[in-house]
Amino acid sequence: MADPLVAATGWGWRHAGRRAAAVSGLDLRIDAGERVLLLGPSGAGKSTLLAALAGVLGGDEDGQAEGELLVAGRRPLEARGLAGLVLQDPDAQMIMARAGDDTAFGPENLALPRGEIWHRVARAQRAVGLHLDFDRETHRLSGGQKQRLALAGVLAMRPELLLLDEPTANLDPEGAIEVRDAVAAVLRDTGATAVIVEHRVELWWELATRVVVLDPAGGLLADTTPERAVGELAAELSARGVWLPGRRLAAAPIPTPSATSALTPSVSAPAPAASTESARRDGGSPLLSARGLAVARQRGTSVQAGIDLDLAAGEVLAITGPNGVGKSTLALTLAGLLPPEGGELVAHPDLADGAAPAPWRWRSRQLLTRIGAVFQNPEHQFLGSTVRAELAIGPSELRRPRAEIEARVDELLERLHLAPLAAASPFSLSGGQKRRLSVATALATRPRILVLDEPTFGQDATGWRELVALLDEVREAGSAVVAVTHDRELIAALGARELRLDGGADAVQAADTGVRS
Amino acid sequence: MTAPIAPARPGVRSAPPARSLPARVAAANPVARLIASAPIVLGFVLTIDPVSAGVALALELLLMPLIGIGWRRFWKVTAIAWVLAPLGAVTILLYGQASGEVYFSWALVHVTAGSAALAIASVLRVLAIALPAIVLFAGVDPTDLADGLGQIVRLPQRFVIGALAGLRMLALLGDDWRAITLARRARGLGDRRGPGALLRQCFGLLVLALRRGGLLATAMEARGFGGDTPRTWARPSSFGRVDAALIGVGTLVAAVAVTASVLTGSWRFIGG
Numbered sequence: 001m002a003d004p005l006v007a008a009t010g011w012g013w014r015h016a017g018r019r020a021a022a023v024s025g026l027d028l029r030i031d032a033g034e035r036v037l038l039l040g041p042s043g044a045g046k047s048t049l050l051a052a053l054a055g056v057l058g059g060d061e062d063g064q065a066e067g068e069l070l071v072a073g074r075r076p077l078e079a080r081g082l083a084g085l086v087l088q089d090p091d092a093q094m095i096m097a098r099a100g101d102d103t104a105f106g107p108e109n110l111a112l113p114r115g116e117i118w119h120r121v122a123r124a125q126r127a128v129g130l131h132l133d134f135d136r137e138t139h140r141l142s143g144g145q146k147q148r149l150a151l152a153g154v155l156a157m158r159p160e161l162l163l164l165d166e167p168t169a170n171l172d173p174e175g176a177i178e179v180r181d182a183v184a185a186v187l188r189d190t191g192a193t194a195v196i197v198e199h200r201v202e203l204w205w206e207l208a209t210r211v212v213v214l215d216p217a218g219g220l221l222a223d224t225t226p227e228r229a230v231g232e233l234a235a236e237l238s239a240r241g242v243w244l245p246g247r248r249l250a251a252a253p254i255p256t257p258s259a260t261s262a263l264t265p266s267v268s269a270p271a272p273a274a275s276t277e278s279a280r281r282d283g284g285s286p287l288l289s290a291r292g293l294a295v296a297r298q299r300g301t302s303v304q305a306g307i308d309l310d311l312a313a314g315e316v317l318a319i320t321g322p323n324g325v326g327k328s329t330l331a332l333t334l335a336g337l338l339p340p341e342g343g344e345l346v347a348h349p350d351l352a353d354g355a356a357p358a359p360w361r362w363r364s365r366q367l368l369t370r371i372g373a374v375f376q377n378p379e380h381q382f383l384g385s386t387v388r389a390e391l392a393i394g395p396s397e398l399r400r401p402r403a404e405i406e407a408r409v410d411e412l413l414e415r416l417h418l419a420p421l422a423a424a425s426p427f428s429l430s431g432g433q434k435r436r437l438s439v440a441t442a443l444a445t446r447p448r449i450l451v452l453d454e455p456t457f458g459q460d461a462t463g464w465r466e467l468v469a470l471l472d473e474v475r476e477a478g479s480a481v482v483a484v485t486h487d488r489e490l491i492a493a494l495g496a497r498e499l500r501l502d503g504g505a506d507a508v509q510a511a512d513t514g515v516r517s
Numbered sequence: 001m002t003a004p005i006a007p008a009r010p011g012v013r014s015a016p017p018a019r020s021l022p023a024r025v026a027a028a029n030p031v032a033r034l035i036a037s038a039p040i041v042l043g044f045v046l047t048i049d050p051v052s053a054g055v056a057l058a059l060e061l062l063l064m065p066l067i068g069i070g071w072r073r074f075w076k077v078t079a080i081a082w083v084l085a086p087l088g089a090v091t092i093l094l095y096g097q098a099s100g101e102v103y104f105s106w107a108l109v110h111v112t113a114g115s116a117a118l119a120i121a122s123v124l125r126v127l128a129i130a131l132p133a134i135v136l137f138a139g140v141d142p143t144d145l146a147d148g149l150g151q152i153v154r155l156p157q158r159f160v161i162g163a164l165a166g167l168r169m170l171a172l173l174g175d176d177w178r179a180i181t182l183a184r185r186a187r188g189l190g191d192r193r194g195p196g197a198l199l200r201q202c203f204g205l206l207v208l209a210l211r212r213g214g215l216l217a218t219a220m221e222a223r224g225f226g227g228d229t230p231r232t233w234a235r236p237s238s239f240g241r242v243d244a245a246l247i248g249v250g251t252l253v254a255a256v257a258v259t260a261s262v263l264t265g266s267w268r269f270i271g272g
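So the protein sequences, as listed, match chains A and B.
Residue numbers for the first sequence follow the numbering used here, beginning at 1 and rising by one.
Residue numbers for the second sequence follow the numbering used here, beginning at 1 and rising by one.
Take these hints with a grain of salt, some might be off.
Looking from chain A toward chain B, a few residues come up when the C-beta cut is under 8 Å (computed) [what the hints assert, rightly or not]:
id: 1; residue: L110
id: 2; residue: W118
id: 3; residue: L332
id: 4; residue: I393
id: 5; residue: L501
Derived from the structure by calculation, the hints contain no laboratory data.
Since we're looking at a predicted model, the values are computed, not measured.
All C-beta atoms, glycine included, are put in the ideal place defined by N, C-alpha and C.
Turn these sequences into a full structure, and let the hints steer you where they fit.
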């Protein structure tokens with residue numbers, strides 16, 4: 001086995017309709033049995049490379065290739081089945097309605113005999129620790145179960161190369177560990193080769209035998225061992241926006257000159273020009289209060305009830321809890337987008353500013369300057385055809401002067417490193433870029449309360465620091481921030497108060513809504 | 001390699017080893033159900049007369065208990081047909097081709113002997129076609145139907161599996177629509193009403209659906225779907241005596257009804 005399993009020679013790919021290449025000048029050899037952690041800043045082309053290895057990047061109409069990329073000596077498109085790809089979104093990977101059928105889908109496509117298919121289905125599901133009835137409906141599984149089922153679907157094909165593209169990004173910490181353990185067990189048993197893209201590097205660090213870092217400018221930033229990556233190369237990689245284990249907090253707000261500030265976020269924020277220190281003096285004026293609040297995505301299906309909370313200007317509230325417990329539903333309700341199912345939600349005069357006390361009753365335009373919302377799935381809130389148009393929607397709706405809109409949009413583009421993408425379609429951005437754009441759209445109208453659902457999903461170190469610094473600024477300026485998050489470092493960095501939700505009103509409902517809640 | 005732990009499942013899912021006739025019909029292949037209702041549909045598109053439709057409807061109602069659908073469920077799934085058929089008939093009664101004795105006339109409305117007969121025929125015909133189609137199709141599992149279409153009818157596999165995946169995505173359109181409604185409200189566009197806003201929201205739904213479809217296609221390709229090599233089917237789709245009998249009964253009902261119609265001289269080609 002002298003031939004490498006993966007061999008890239010001057011390989012590159014440019015997506016159709018984009019000027020810059022997603023990947024270029026890549027030279028990489030991966031031998032059988034290696035477990036590669038593939039890192040790189042947001043937009044460095046990690047997902048593109050995985051898709052290419054899996055043979056799902058598409059043909060000439062989808063983009064332009066350069067150089068050569070071989071899997072087991074063949075072009076990936078002709079080596080289908082050799083490489084198995086697990087993607088980030090659990091919902092997008094449930095192909096069949098029933099769990100057994102879903103795992104059988106890959107083996108069917110490999111034209112295996114029926115007996116062999118069901119043998120493999122049973123083994124693959126056991127390998128990932130799933131003990132489901134084969135007739136179990138896939139859409140009723142939890143996020144962690146869905147990802148493990150997707151993994152089983154890939155394993156049933158017995159791939160030589162396992163490709164994981166942020167497989168735990170949409171999961172709560174428990175679900176993420178479930179998936180990681182399943183992968184670890186499989187790799188131990190099969191000795192398969194793996195290439196893993198993840199921002200939660202600490203989760204996978206122990207498993208990796210090699211760390212490869214893509215350079216957004218083309219080629220590699222580093223190709224090294226895990227030990228060297230956190231050793232002599234650590235400073236350089238961190239500076240380039242690459243996550244390394246245990247370096248998240250150390251890397252917290254950059255814009256401050258003081259290095260010690262990172263661990264004491266309450267004093268770390270860069271003071272914006274018009275910082276209103278007064279807003280924070282006594283915990284700030286109350287903005288929003290909930291009493292006995294019950295929330296539901298659809299009428300009559302309450303997922304949480306009896307929630308009491310007060311939100312004051314200049315504070316950060318973190319909503320935590322397992323997947324499916326109703327965090328997103330609560331966030332959407334607090335944001336005035338869903339009507340409360342029970343209890344009351346009242347905006348104090350400072351926030352209401354002449355509007356009615358119930359945010360749910362406000363007009364859509366009244367919400368813009370009062371409560372901004374960032375959805376869990378950024379794609380769900382994109383309405384513009386370009387990144388620039390997307391950012392201008394809110395301010396235009398407020399009938400702001402054109403020059404002011406332009407200035408605000410430019411400022412946000414610059415601030416969130418989206419300026420080079422101003423003319424691109426929001427849907428064509430990378431996962432981390434989409435997330436930053438959705439946050440920027442809410443910030444564009446300077447709301448008094450900013451409600452964010454998983455704002456740090458898929459962020460590289462630079463994007464993360466920028467977001468943390470930005471949220472800190474928003475808070476300093478006297479707004480309140482509500483963040484649904486699993487990100488402990490984010491909570492620490494912002495000094496957030498935590499509201500933990502447990503055990504939904506209805507366990508079945510909770511499992512049903514899966515990762516969407 | 002034999003499969004010691006492979007479950008004794010392949011294929012048949014919820015249906016227990018059924019012995020009673022209704023249970024066996026209930027477990028019939030979806031393809032047989034599809035084909036069984038075809039002669040009735042095809043036969044009755046050709047004619048519009050009360051006799052053929054009436055005979056077929058009577059036979060169908062007599063056969064209903066054999067299919068294994070309870071009356072309660074029968075009324076529930078067919079309610080829409082019982083409501084829509086008379087509504088359509090009223091239109092024909094008032095505006096249908098006038099002939100024979102005029103019972104009532106006002107402006108464009110002409111209730112005549114001819115239009116009344118036509119109306120009755122249309123009620124019977126709609127019911128005769130709709131009832132078996134609905135009853136045979138209620139509760140058909142899309143996956144089972146796809147298995148049947150691929151293995152028994154031998155439709156192209158990519159087409160069948162693609163259609164199945166697409167069907168499952170339809171169920172998500174409601175979720176997407178709600179998400180877009182929330183997004184428009186959050187982004188300040190929620191106050192807009194009227195056709196323009198609706199059109200834009202529909203466009204947004206289209207964008208999301210295409211996006212979702214693209215993701216699903218990628219996930220399917222990642223599992224080896226779409227190559228030129230043939231694929232196998234994990235679930236056998238069998239075609240047994242019950243399936244053949246079901247099709248036979250469907251053909252028989254159509255034949256008896258058409259024969260009765262021709263013999264009584266009431267057969268009328270549409271437009272004739």
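Against the structure, the hints come out as follows:
1. L110: Holds, about 6 Å.
2. W118: Holds. Min distance 4 Å.
3. L332: 7 Å, holds
4. I393: Cβ of I393 (chain A) sits 6 Å from chain B, so the hint holds.
5. L501: 20 Å, violated
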